[in-house]
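S.K.: Okay, here's what each chain looks like letter by letter:
2 protein chains.
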Amino acid sequence: MEDRVRISILMDYYKELLTEKQKDIMELYFNEDLSLAEISEITNTSRQAIYDIIKRCNKLLDDYEDKLKLFEKSIKSKKNKEIIIEKLTLLEKDTNKKECLDLLKEIKVNIIDSI
Amino acid sequence: MEDRVRISILMDYYKELLTEKQKDIMELYFNEDLSLAEISEITNTSRQAIYDIIKRCNKLLDDYEDKLKLFEKSIKSKKNKEIIIEKLTLLEKDTNKKECLDLLKEIKVNIIDSI
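Going line by line, the protein sequences match chains A and B. Residue numbering for the first sequence is 79 to 193, as defined by our numbering. Residue numbering for the second sequence is 79 to 193, as defined by our numbering.
Do not rely on the hints blindly, as some may be mistaken.
In this list, chains with the same sequence are indistinguishable; a pair is considered to hold if it fits within one copy or across any two.
Calculated lysine-lysine pairs in the DSS-like style (CA-CA distance at most 30 Å, straight line) [to be verified]:
# : residue 1 : residue 2
1 : K156      : K137
2 : K154      : K176
3 : K154      : K133
4 : K137      : K157
5 : K157      : K145
6 : K147      : K99
7 : K101      : K145
8 : K183      : K145
If you are wondering where the hints come from, they were derived from the structure by calculation, not from laboratory data.
Chain A with its partners taken away, still in its complex shape (with noise of 0.2 Å):
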């Protein structure tokens, strides 16, 4: 995975743990996709500073996802979702009683909305 789409995925774990500016030039800089000249003139600081800040969050939210791993299990759970959510289709083919099928829509739901 390309290392700026993995750093902008970890942001949405993990952004709560940085203090407000870290999270404030990580945002600007991944998510609004600005350049670091722009980012110095908006926050008002120098463009090494803005730099080291940003090599250092990086650092940070990588050892973030080594220790907790949320966004590794959250791609174990998706793939898990889509087995489930197939098997729970098969059921459907399977079946025209109308309350059946009620539930298995309404397990589909619960599934989406939850892991």
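We have chain A already, so just place chain B on it with the hints.
M.R.: This is chain B only, laid out in the frame that chain A set:
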């Protein structure tokens, strides 16, 4: 929930974010149920320092939960899982086709393994 139980559960989610020393002391206190005096002796650290570390770690664990809410999410997920299992059990009662029963059993295993 009793504070001691809550901290012990938060340790399951966030202990990897503590230092080795913090983790060891918290495990001795909350999981092995040793006294401050016993931990002080084992770790060759003053009783007051052990007390301070435990107090600081309790605060750290609460802060991590405030930010990431892994414990809160796991409670919701567990409830949702129970609801799904109940619905699958209703479907089981409604069929006697072997292939459907097998699929339902498989889905239950997938759900228990995941989420």
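S.K.: Now look at each hint and say whether the structure bears it out.
M.R.: Checked hints:
For the identical chains of this complex, K156 and K137 are intra-copy neighbours only, at 26 Å inside a copy versus 32 Å across copies, given an alpha-carbon limit of 30 Å. Taking CA atoms no more than 30 Å apart as the test, K154 paired with K176 passes between copies only; the shortest distance there is 29 Å, against 32 Å inside one copy. Proximity of K154 and K133 under a CA criterion of 30 Å is satisfied intra-copy only: 28 Å inside one chain copy versus 35 Å between copies. For a Cα distance limit of 30 Å, the shortest separation of K137 from K157 inside one copy, 27 Å, qualifies, whereas the shortest one across copies, 35 Å, does not.
Taking CA atoms no more than 30 Å apart as the test, K157 paired with K145 passes in both settings, with 22 Å inside one copy and 26 Å between copies. For the identical chains of this complex, K147 and K99 are neighbours both inside a copy (24 Å) and across copies (22 Å), given an alpha-carbon limit of 30 Å. Both within a single protomer and between protomers do K101 and K145 lie at most 30 Å apart by alpha-carbon distance, with minima of 20 Å and 13 Å respectively. For the homomeric pair K183 and K145, neither the shortest alpha-carbon distance inside one copy (37 Å) nor that between copies (33 Å) is at most 30 Å.
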